[in-house]
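Participant: Chains as they are written, first to last, in my numbering: chain Y, 14 to 247; chain P, 840 to 1477; chain V, -9 to 245.
Among the hints, a few may not be true.
To be verified - When the alpha-carbon atoms are kept at most 30 Å apart in a straight line, the in silico BS3-like pairs for lysine-lysine are as follows:
no., chain 1, residue 1, chain 2, residue 2
1, V, K(-4), P, K1381
2, P, K870, P, K857
3, P, K863, P, K1461
4, V, K(-4), Y, K125
No lab work stands behind these hints, which were simulated from the structure alone.
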Amino acid sequence: MTPATELKPRPANRRSSNRLAAFYRTTVGKKLVMAASGLVLFLFVITHLAGNLQIFLGAEKLNEYAALLRRMPELLWTARTVLLVALAVHVIASVQLVLVNYRARPVHYAVKRDVETNYAARTMAISGPLVLLYVIYHLAMFTFLVTGPGYNHDDVFRNVVLAFQMPAISGVYIAAMLLLGLHLYHGVWSLLHTLGISSPRYRRLRRGLAPAIALAITAGYVSIPLAILAGIVE
Amino acid sequence: MSLDPKVPSGPIEQKWSKHRCEMKLVNPANKRKYKVIVVGTGLAGGSAAATLAQLGYQVSCFCFHDSPRRAHSIAAQGGINAAKNYQGDGDSVYRLFYDTVKGGDFRSREASVYRLAELSMAIIDQCVALGVPFAREYSGYLANRSFGGAQVSRTFYARGQTGQQLLLGCYSALARQIALRQVTMHPRHEMLDLVVVDGRARGIVTRNLLTGAISSHSADAIVLGTGGYGNVYYLSTNAKASNVTAIWRAYRRGALLANPCFTQIHPTCIPASGEHQSKLTLMSESLRNDGRIWVPQQAGDARPPSAIPEAERDYFLERKYPSFGNLVPRDVASRNAKDVCDEGRGVGPGGRGVYLDFAAAIARLGEDVVRQRYGNLFEMYERITGENPYRQPMRVYPAIHYTMGGLWVDYNLMSNIEGLFVIGEANFADQGANRLGASALMQGLADGYFILPYTIGDYLARISPVDRLSPEDRAFRQTEQEAADRIAKLLSAAGLRSADSFHRELGDLVWNQCGMSRTAAGLQHALARIPELRQEFWQSVKVPGSGAQFNQTLEHAGRVADFLEFAELMCRDALDRDESCGAHFREEHQTPEGEALRDDECYSHASAWEFTEVGRPPLLHKEPLVFDYVKPTQRSYK
Amino acid sequence: MKLTLKIWRQASTGEAGTLLSYAIDDVSPDMSFLEVLDVLNEQLIARGERPVAFDHDCREGICGSCGFMIDGVAHGPLRLTTVCQLFMRHFPDGATLVVEPFRARALPVVQDLVVDRGALDRIIESGGFISARTGSAPEANSILVSKEAADRAMDAAACIGCGACVAACPNASAMLFTAAKISHLGLLPQGQPERCQRALRMVDGMHDLDFGSCTNHGECEAVCPKGISIDFIARLNRDYLYASATAGREPIRNV
Ligand SMILES: Cc1cc2nc3c(=O)[nH]c(=O)nc-3n(C[C@H](O)[C@H](O)[C@H](O)COP(=O)(O)OP(=O)(O)OC[C@H]3O[C@@H](n4cnc5c(N)ncnc54)[C@H](O)[C@@H]3O)c2cc1C
Ligand code: HEM
Ligand code: HEM
Ligand code: SF4
Ligand code: F3S
Ligand code: FES
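Next up, chain Y with everything else stripped away, as it sits in the complex (with noise of 0.2 Å):
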């Protein structure tokens, strides 16, 4: 048997000619970059929960608002952007950093137990991708208008309600929407701790704050299928 000790290389001791390569090359600098466009995504889901909550304010307010950015398009097409590379970003980091942990303990142990974690923590490689296929089906609903019960672009008030009359769209919706809970809940806490936001004195603030974020926004998004389910919003 060959030492493991000698099999272990000694870490390579490396001059970098492209800083930005080897910042995201570590485990650390892939994580810092899954916490910015987090930010990024959380912040957008912020201002559209925002803009949808206007729902409940009638349909002209809502159409009004959908009008307005569409008649700012260097806006919306910048917002666009750096939103969808924010997704691709997080998406390929946290596929890289999934492999890298999954290659990290080869054999597993017959009893482990969770001290400290949650599920919320322990499934964000699930929620996550699930959440994408929610917004891919979103998407192709709202935008693309290629599936749902025929749409019109410019009345996204009847769009929004005629879908979420049907049960199963609402359904599907509601769990989606539970599911982008489940992955800020513990998505917010990472994300302020991720990027250094962090000091004993507000440490049991930022863990109590995190979830009540994640439990706002979810709350926010399920009430409107909700409402327009019970007839609230017609």
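Take the given structure of chain Y and dock chains P and V with the ligands to it, following the hints.
Facilitator: Frame of chain Y; chains P and V with the ligands shown alone:
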């Protein structure tokens, strides 16, 4: 054989600087041609290996631990002395020197101790530079505390983890040299033998503990920093794997072993809780700064401590030593604890314990301050005993803790074998017959950072690296074969008794006969019994598994085999030294008050033993100890 | 007390291992977990079987040698405690406990409960030091360190290198260990000149050694016998980000 300590001439304050000037230097361009083997990565070995590598020598470093950072030095809690006089309380190099010589009961070499005191300050500087997070005052300056056996506050500390932090400091320096490929580190390698050709140390034979492979390593100089042998007693505060093998093997190859009977007992350890006890845990001596030691006045008083009124308690150290009180040196505190227990006044299971009480300190300082000072020690105590020391006094009892004896070295830290250097606890050192608290860490780092790197250069400058033997040389092959044979013999013994059970039996024997107090009769009994036990061991030890694999039982058995030989020498030395001094207490020699009574006329020397053959008595050589500066007196801590 | 231990037995790296069950009677509540293994090993030797291998040395919770999983928790159920300081009074009589080695690609099993933690040394070697040549140090009190900084640095420096954080981390990440070292040195004024390089080098080193990444599970802190806080991980992230933005990677040099 003449024992020349090679102490430089001149006034004691100038010896070291003069000597440094006179030593030969190795041409910087030649340094990389020399190869040095360092065995041990404790404070001594680690600091030496890092420094030698910085200087440009090729260093090969060995330890049996899985990482150099785990050497036993890591366990030191209390602190490290230095004559910085930051407290302005009258400390000086001379006072530290004086305290150490006196603390050692005038059985150490004056010139070496002076040098140690002189270097103490540079050690603190170096450690701070390496990032050791010593305790600080609110001003940002370094904090100090006082420690047993001294009346000044000169001890630097990092919570209760001073040894750990000092070791991590030198381990990180070592890690840097490993990264630079200046040091080739061999963790989980045990030195099994020393290769000596024509009186010169040429290399070592090691066993790779992961694979069982036995191999040879050749060098221009060999440095042993392999720690103490306190585990000969089985139960001690030493880490479980600490052992005598490296220095014992060197002894068998001709190195002189000096003062093996000087073994130190630490007064404040957690008492054993039963048969299963595998080691003892030390409670830092710093506890004696605020804790008061007492036992009931009445023998057999079985009341819980809280039910014993003040008037019926005997604070025996404060009573007998009004000026030092609870802070008397370790040997004095230990012996007194043993005495009160022998009188039947001991507390806890088996009556082997005395109280260390913080009630007064808590009343005076408040629980918070006490928690701040000793919190982690209190936690440790509670974890082990299940008792809360904030509410009830701790129980403590003496245990073997440190060994002052070791391989004989001259002023240059070289043994009588050319090219074999010995540093740290492994040498017979500067601690004399008793070590003061917080001075072992100091000695290890002084040796490794500041003494050996100079003196080894002086040696190397006189030899040529071209002479280095190849590890294929016959001498190596033969030593390898002997090591392999020994292992084969251990594996083939057809018994059913574990090495551990022999170790326990040996430990029990030497603790009773060659422990806190010794008598000629007891030592003779031990000397008769040890060879029998050794024989039983080789006949009936059971070591499962093979030598060609990771085999912890085999490792342990090899160490026990060496302890079984070493114990005999230790008892012989104790019998030969027919006086009491420091921690070596021969009941035949005591003052009317029961203090150690030295015999300077006959025993003012270091006893350096030369190996002949197993079973045949060794030869005794004496290095006379001359005291020009600190005149030997009866130590008094009254 | 009586106990049943299901212990992972594996003769060597690469060989297959399995959980074997051992019944042990006469366990005293005052025994440490390692002393129970001592007792078991005595019995195994008497039966001529191979004893259970486990690393240990100080048995005081400071050397970091010991460590394995007890019922799925690194160092067992008691917080802030290494297995050598874990006493049996914390277990119910008659308990059955599963004892497994730390598992991670970076910490291969050597035998039974012994793993090779050389990778942790490699991380330190990649940059966990202050380059202060012996003899070059200034007078100690010329470097003032606020008590707060010294205390925080000591909190981080308390790491014993046991590897429990890696073992407990669902991703087998060594972030807590690495963060502790980076923070220990980075919190002290002496550590400032190399702070950026240290962060870059150690993170690189960790990456090259088959450890996973941190996804902020916090398991590591929960099992760390020295209570090292994951706030140090946040600190590491900050340091790495700052270092990446301001400094290029430099090799370690001997000057
Ligand atoms: C519990 C405790 C607390 C203490 N507290 C203090 C204190 O507060 N202040 C103080 O000044 N002193 C204290 N001491 C004493 C002090 O810690 C030791 O004397 C000192 O650390 C010894 O250092 P060392 O470098 O000589 O050896 P060690 O630290 O014991 O290192 C020995 C090294 O040698 C290696 N080794 C040994 N044999 C072999 C072999 N055959 N082959 C290969 N490698 C080998 C080991 O792997 C290890 O790396 C304490 C001691 C104990 C037990
Ligand atoms: C009840 C919940 C939701 C409703 C009613 C809703 C509604 C809509 C509508 C109507 C559009 C089309 C806008 C337009 O083209 O004018 C849209 C676009 C979009 N939605 Fe949602 N949405 C919901 C939840 C979500 C969630 C949870 C996400 C992400 C995780 C999301 C991501 C997007 C994206 C990425 C777009 C495309 C934006 C663009 O065109 O630039 N939506 N949504
Ligand atoms: C609207 C969509 C999304 C948002 C708002 C979001 C947000 C976040 C946030 C804030 C984090 C924490 C980053 C950190 O640890 O610093 C995170 C982590 C993660 N995300 Fe997403 N994410 C989204 C979509 C996705 C998708 C589509 C995937 C997968 C393909 C994904 C997979 C992951 C993974 C694996 C992690 C790492 C787990 C962890 O850090 O704990 N996410 N996400
Ligand atoms: S951080 Fe804690 S768990 Fe990890 S190695 Fe250090 S002490 Fe062990
Ligand atoms: S458990 Fe692992 S995921 Fe991070 S916070 Fe600790 S390293
Ligand atoms: S044996 Fe040293 S920490 Fe447990």
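Participant: Does each hint fit the structure? Answer for all of them.
Facilitator: Now for the hints, and whether the structure bears them out:
| no. | hint | result |
| --- | --- | --- |
| 1 | V:K(-4) to P:K1381 | holds (25 Å) |
| 2 | P:K870 to P:K857 | holds (23 Å) |
| 3 | P:K863 to P:K1461 | holds (29 Å) |
| 4 | V:K(-4) to Y:K125 | holds (14 Å) |
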